[in-house]
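Student: The chain contents come next:
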Amino acid sequence: MLIFHGGSSIAPEMRSPEALQAHMQKWFAWVEKLRKEGRYLSGEPLEPTGKMVSGKKKLVTDGPFAEGKEVVGGFFIIEAKDINEATELAKDCPDFIYDGAVQVRPVQKM
Amino acid sequence: MARSENVQQLTGHLFRHEAGKMAAVLARILGSDRLEVAEDIVQDTLIKAMETWGFKGVPENPSGWLYAVAKNKALDFIRSRQRHEQIHSEIAKAIHSEWSLPSSVNGLFLESEIEDSQLRMMFAACHPSIQEESQIALTLKILGGLSVREIANAFLTNEETIQKRIARAKEKLRDEKISLEIPSPQFLSSRIDAVLKVLYLLFNEGYHPSQSDQLLREDLCEEAMRLTYLLIQNLVTRQPKVLALMALMCLQVSRFDARKCSDGFISLEQQDRSRWSKELMNKGFGLLEQASVGNELSEYHLEAAIAAVHMKAVSFADTNWNRLLILYDILAQLKPGPIIELNRAIAIGYAKSYREGLEELRKINELESNHFYHAALGNFFWLLKDRDHAERSYSNALSIATTSADKDFLRKKIDEIQLSK
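Sequence order for the protein chains is A and B. Just so we're aligned, residue 835 is where the first sequence starts under the working numbering, counting upward by one. Just so we're aligned, residue 6 is where the second sequence starts under the working numbering, counting upward by one.
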C-alpha cells in the first residue's frame, strides 16, 4: 500500500490552474503506467476532514488529524514482489517535487 | 466516474478556461467586493479535481463536475455568512431565502449565463476608474485563469508588481461599488472601447514580445481572442469595432508560423507567404467585411484593413501601396505616433516616389534606435542609387538589429551594395 502525504495541493506553485492541470496529467500518466504493468489494484483519494472515534468512552473528535505535510491525501494498493520493488515504484510519484512523501507499507498476507 | 482507457487526456487549457468561467459566475453570486472568496473557491475546486481525478480518472462531464463542486462551496459560504454579513450581489435577495437559494445559484451556472457573467466581469475589470495596467492584470487573473507568476512572466516584471496591480483593481471595485453588469446603452460604446483597448494591449503583448516564454506569449494572444469572441457572441456587444478587432487578431495570428525563426521574428517583407494560414486569413477578411457597417471608423478597422492589404498581396512587390497610404493617412490622424509615421513614409515612397518617401522618413526623429527605420532609409537610398548613404543606413540598422533573420537580411543588402560599387 502506498500512502500519500502532503505534496502538491499545498504547494504555492499550485495557485495556477495551468500548473494544476499539468500536474494532474503526471498522475494520470503514472497510474496508467502502473495499470499497464498490471500493478495497480485500487486507489482512493481521501477528504482532508473526518471524525476520530477513540478510547473506552468512544470519544468523537473532528479532523483534520494532521497539518500540512503530514496530511494523508489518499492511497494506492499496488502489486509488487517485495517491499524493495514497491519502494522503487513509489519513487515515480509526481508529488516529490512539491515536498510530498509516500509511505510504503506491505499489506499482511493471511 | 469513467475510467476507460483513453479519457485521461484533458483538453488543452480546461482548468484555466474553467477557472475564468467559474470566477466570473462566483463573483456575480457573491458580489464584486468578494473576488478573493470567488478565487479561493475556484482554487479549492480545482485542487479537489486534481486530487480526485488523479486517483479516479476524469469524470464524463469535467466542466459539470467542477461547477457542481464550486456551486456547493459557494452555497456553503453564503449559508455560513448570511446571518452575520450582507452579501452585495444581484442574487442577494434570493440568498435570504433558503427555498430559492440553490435554484438561483444553479441558474447562474447555465452555459448562457456563464457567458453573460464573463462579459459583466470584463466590463467591471476594465472599468474606467481602474488604471489600465491594473485592468489588464485583473482581466488576465480573473477571466484568463492565469496565476500571478504567469502574468509577471508574460509582462517581464515581478510577482509583487502584478500582485499590487491586482490589489489596486480590487480595491477600486470595492470602493467604487462597481457592480457586475452590462453597461446601459448610453455608456455601452465608450465602455466597450475600454474593454477593446485592454484586449488589444493584451494581444499586442503576446504578438510583439521582447524576450520571454514564447509559449505563454502565444497564450496571451489566444486569451485576448477568446475574450474578444465573447463580445462578438453577445448581440448587445457585437459592435462593428469589436468585429474589426477580431479581424485584426485573426490576420495577425495567421502569420504566426511564417514569422517564427529560431531566435526571434521574420519581418513581413521576408516571410514565406505560402506559410500564412489561409483559414485564419479568410476568417479575418470575412470579419472585416462584417465590421464594415455603421458609421464608426475605429483604429481597429484601419489596422485590420492595413493588415488585409498586406495579406492580399501575393508578394511584397504586389502590395497595393496607394490603398495603404490612404489607410495610414487616416490612422495617423486617429492615433498619431512615430511607428505609424514610419509605415506611412514607406507607403509614400512606394505609392508616390522614393524621393518623397525618403523626405518623409527624415522628418521622423524619434526612431533613431529602431532598426526598421534605418533599414527603410537604406532601402530608399538604394532605390535612388545613392550607394554610400544606403550602405551607411543599412550598417546603422545592422548594429542595432537583434534577430539573426534581420541581421542576415541586412548583411546581404550591404554585400549587394558593396558589389555594385
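In short, the hints are calculated from the structure, not lab data. Quantities reported herein were computed from a predicted structural model and do not represent experimental measurements. Keep in mind that a hint or two might mislead.
Dumping the calculated DSBU-like pairs for lysine-lysine here, alpha-carbon to alpha-carbon at most 35 angstroms [claimed, not checked]:
(1) K357/B / K925/A
(2) K246/B / K903/A
(3) K417/B / K925/A
(4) K357/B / K340/B
(5) K169/B / K885/A
(6) K885/A / K357/B
(7) K61/B / K867/A
(8) K202/B / K265/B
(9) K892/A / K53/B
(10) K885/A / K340/B
(11) K78/B / K903/A
(12) K53/B / K915/A
(13) K860/A / K169/B
(14) K870/A / K915/A
(15) K892/A / K340/B
(16) K61/B / K915/A
(17) K870/A / K246/B
(18) K61/B / K943/A
(19) K265/B / K182/B
(20) K943/A / K870/A
(21) K860/A / K53/B
(22) K283/B / K943/A
(23) K860/A / K78/B
(24) K169/B / K903/A
(25) K860/A / K357/B
(26) K169/B / K246/B
(27) K892/A / K417/B
(28) K860/A / K246/B
(29) K340/B / K867/A
(30) K867/A / K357/B
(31) K892/A / K860/A
(32) K870/A / K53/B
(33) K891/A / K925/A
(34) K903/A / K357/B
Computed Cβ-Cβ distance ranges for the label pairs, DEER-style [to be verified]:
(35) T16/B / I844/A: 39 to 45 angstroms
(36) Q238/B / K925/A: 46 to 52 angstroms
(37) K317/B / D933/A: 52 to 58 angstroms
(38) N325/B / A863/A: 32 to 38 angstroms
(39) P846/A / R231/B: 22 to 28 angstroms
(40) K870/A / A73/B: 54 to 60 angstroms
Ideal placement from N, C-alpha and C gives every residue a C-beta, glycine not left out.
Student: For the pair we were handed, K357/B and K340/B, check the Cα-Cα distance against 35 angstroms.
Tutor: holds (23 angstroms)
Student: Given a hint of 46 to 52 angstroms, does the C-beta separation of Q238/B and K925/A actually sit inside it?
Tutor: This hint holds: roughly 48 angstroms between Cβ atoms.
Student: What's the verdict on K860/A and K246/B, does the C-alpha distance respect the 35 angstroms limit or exceed it?
Tutor: This hinted pair is violated, its Cα atoms lying about 43 angstroms apart.
Student: Holds or violated: K867/A with K357/B, Cα cutoff 35 angstroms?
Tutor: Outside the cut-off at roughly 67 angstroms; violated.
Student: Given the proposed pairing of K61/B with K915/A, does the C-alpha separation stay at or below 35 angstroms?
Tutor: holds (25 angstroms)
Student: Check whether the Cα positions of K202/B and K265/B lie no farther apart than 35 angstroms.
Tutor: Holds, because 26 angstroms separates the two Cα atoms, which is no more than 35 angstroms.
Student: Within 35 angstroms, alpha carbon to alpha carbon, are K870/A and K915/A?
Tutor: Cα-Cα ~16 angstroms, so holds.
Student: Would you mind confirming whether the straight-line C-alpha gap from K870/A to K53/B stays at or under 35 angstroms?
Tutor: holds (26 angstroms)
Student: Would you check the hint for K169/B and K885/A, treating anything up to 35 angstroms between C-alpha atoms as holding?
Tutor: Violated, because 41 angstroms separates the two Cα atoms, which is more than 35 angstroms.
Student: Between the alpha carbons of K885/A and K340/B, is the straight-line distance 35 angstroms or under?
Tutor: violated (66 angstroms)
Student: Checking one constraint from the list: CA of K61/B to CA of K943/A, max 35 angstroms. Satisfied?
Tutor: Judged against 35 angstroms, a Cα distance of about 26 angstroms means the pair holds.
Student: Can the restraint linking K943/A and K870/A be considered satisfied, given a maximum Cα separation of 35 angstroms?
Tutor: holds (24 angstroms)
Hint compliance for this structure: hints 1, 2, 3, 5, 6, 10, 15, 17, 19, 22, 25, 27, 28, 29, 30, 31, 33, 34, 35, 38 and 40 are broken, all remaining hints hold.
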